[in-house]
Amino acid sequence: MSAPGTTQQLQQQQHQQHPVGLYLKVWLLLFVLSTMSYMVDYFHLQGLTRWSLIVILMLLKAGLIVAVFMHMAWERLALICAILLPPLALLVLVGLMASEASHTLLTRLLFFS
Amino acid sequence: MSAIPLNAAQPLGLRGLVADWSSDRQAFHVAWGKVMMWIFLLSDTFIFGSFLTGYMTVRASTTVPWPNPSEVFALRIGGISLPLILIAIMTFVLISSSGTMAMAVNFAYQRDRRRAALLMFATAAFGVMFVSMQAFEWSKLILDEGVRPWGNPMGAAQFGSAFFMITGFHGLHVSAGVIYLSIVATRLMRGAYDRRGNYQIVEIAGLYWHFVDLVWVFIFAFFYLW
Numbered sequence: 060m061s062a063p064g065t066t067q068q069l070q071q072q073q074h075q076q077h078p079v080g081l082y083l084k085v086w087l088l089l090f091v092l093s094t095m096s097y098m099v100d101y102f103h104l105q106g107l108t109r110w111s112l113i114v115i116l117m118l119l120k121a122g123l124i125v126a127v128f129m130h131m132a133w134e135r136l137a138l139i140c141a142i143l144l145p146p147l148a149l150l151v152l153v154g155l156m157a158s159e160a161s162h163t164l165l166t167r168l169l170f171f172s
Numbered sequence: 000m001s002a003i004p005l006n007a008a009q010p011l012g013l014r015g016l017v018a019d020w021s022s023d024r025q026a027f028h029v030a031w032g033k034v035m036m037w038i039f040l041l042s043d044t045f046i047f048g049s050f051l052t053g054y055m056t057v058r059a060s061t062t063v064p065w066p067n068p069s070e071v072f073a074l075r076i077g078g079i080s081l082p083l084i085l086i087a088i089m090t091f092v093l094i095s096s097s098g099t100m101a102m103a104v105n106f107a108y109q110r111d112r113r114r115a116a117l118l119m120f121a122t123a124a125f126g127v128m129f130v131s132m133q134a135f136e137w138s139k140l141i142l143d144e145g146v147r148p149w150g151n152p153m154g155a156a157q158f159g160s161a162f163f164m165i166t167g168f169h170g171l172h173v174s175a176g177v178i179y180l181s182i183v184a185t186r187l188m189r190g191a192y193d194r195r196g197n198y199q200i201v202e203i204a205g206l207y208w209h210f211v212d213l214v215w216v217f218i219f220a221f222f223y224l225w
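Chains as they are written, first to last, in the working numbering: chain A, 60 to 172; chain B, 0 to 225.
Just so you know, the hints here were simulated from the structure itself, not pulled from any lab data. There could be a bad hint or two in this list.
As the list claims (entries may be wrong) - Now the in silico label distances, taken between C-beta atoms and shown as ranges:
(1) B:G190 <-> A:V79: 31 to 37 Å
(2) B:R114 <-> A:Q105: 35 to 41 Å
(3) B:G15 <-> A:V153: 42 to 48 Å
(4) A:G154 <-> B:G190: 50 to 56 Å
(5) B:A26 <-> A:A126: 30 to 36 Å
(6) B:G78 <-> A:L88: 44 to 50 Å
(7) B:N67 <-> A:F171: 29 to 35 Å
(8) A:L164 <-> B:N67: 28 to 34 Å
Stated by the list, open to error - Chain A regions said to be covered by chain B (calculated; three or more residues, Cβ under 8 Å):
(9) 83-95
(10) 160-166
Claimed, not checked - Not close to chain A: a few residues of chain B, all C-beta gaps over 10 Å, as computed:
(11) G12
(12) T62
(13) P64
(14) S138
(15) K139
(16) G170
(17) R189
Ideal Cβ positions, reconstructed from N, Cα and C, are used throughout, including at glycine.
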């Protein structure tokens, strides 16, 4: 440690202390959202309703966990960008593989059925 | 800024390499352990992201119908067939564990180490519960339903490989998390972090645990519900 004073100071600043009530509310909300996504299956919703509900509920739950439980909402923008932007590259992979998959499906239908 | 002349005060060799790359520049104003955990979780995001993308690819490209997860994972309780019930319970167990972990971090920063450690042990216990239910699910699938990585009686052969790969890797993460949390909680109980006055490790362990829960949110949505 070259400068224990500044390290100490920094660690004081970065302590993530928030009211317990906030955690309990988010916890409850996660339970409600999970129940709702289970209900999507329980009531056999199909088609676009099913997919949009699954994705919306999933994103809401993920957002709550990252923002509140993992304290991302209170971090500095530099860290938020460094961690949350790179995964967007996965969307490119998903796009590429989706087109690849439909190509494979078409060739299989053409030659194997 | 004027050019800094090289002088004798600057270290050479490996130490110099580290000094030159880090010198006095700091991008992230948080403890290094927290940044490292976040970067590890970022890499893990790519692993799970690739797994789920691979699963999407095989599911979208097969001409054989995909087994209906709602029926495959249904359980008979008291004569009524409940779809996905075990998976729903596993989801609630994991969310509960995330809640106890968040409370543990909170108590650790209040320097209430007894309560923080107890809540961490509770989190680990929820983790053990989750893995046990997963073991039950796997054995039911392998022994009763005849699901194998290379095929199954219900439909597309890729179902088994995607299932075992994704849930297996996630289960491994939960098991590792249980061990990690137990170690940190034991040290916390003994007062190992009191001497240094630094409770950051509880928050860092918490980040890992919340990430495991986060991954489950995506697996639950894409594998079990889709």
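When you look at the beta carbon of B:G170, is every beta carbon of chain A farther off than 10 Å? At roughly 19 Å from the nearest Cβ of chain A, B:G170 sits farther out than 10 Å, so the non-interface label holds.
Taking 29 to 35 Å as the stated bounds, is the beta-carbon spacing between B:N67 and A:F171 within them? Violated, at about 23 Å.
With 28 to 34 Å as the target window, see if A:L164 and B:N67 comply at their CB atoms. violated (19 Å)
Hint says 44 to 50 Å; check whether the CB-CB distance for B:G78 and A:L88 agrees. violated (34 Å)
In this structure, is the beta-carbon distance linking B:G190 and A:V79 contained in 31 to 37 Å? The hinted range 31 to 37 Å is violated for B:G190 and A:V79, with Cβ atoms some 23 Å apart.
Confirm or reject the statement that B:P64 sits farther than 10 Å, beta carbon to beta carbon, from all of chain A. holds (13 Å)
Just tell me: holds or violated, for the beta carbon distance of B:G15 and A:V153 against 42 to 48 Å? holds (43 Å)
Non-interface claim for B:K139, where every Cβ of chain A lies beyond 10 Å: holds (18 Å)
Regarding the assertion that B:T62 does not contact chain A, is the least Cβ-Cβ distance greater than 10 Å? violated (5 Å)
Please confirm whether B:R189 is truly not at the interface, meaning its C-beta sits more than 10 Å away from all C-beta atoms of chain A. Consistent with the label, B:R189 stays out of reach of chain A, its closest Cβ about 21 Å off (over 10 Å).
Annotated coverage of the stretch 83-95 of chain A by chain B, confirmed only when three residues or more have a Cβ within 8 Å: Three-residue rule met by the stretch 83-95 of chain A, so holds; n is 6.
Minimum Cβ distance from B:G12 to chain A greater than 10 Å, as the annotation requires: Holds, because the least Cβ-Cβ distance between B:G12 and chain A comes to about 18 Å, which exceeds 10 Å.
Comparing the model with each numbered hint stated earlier shows that hints 1, 2, 5, 6, 7, 8, 12 do not hold.
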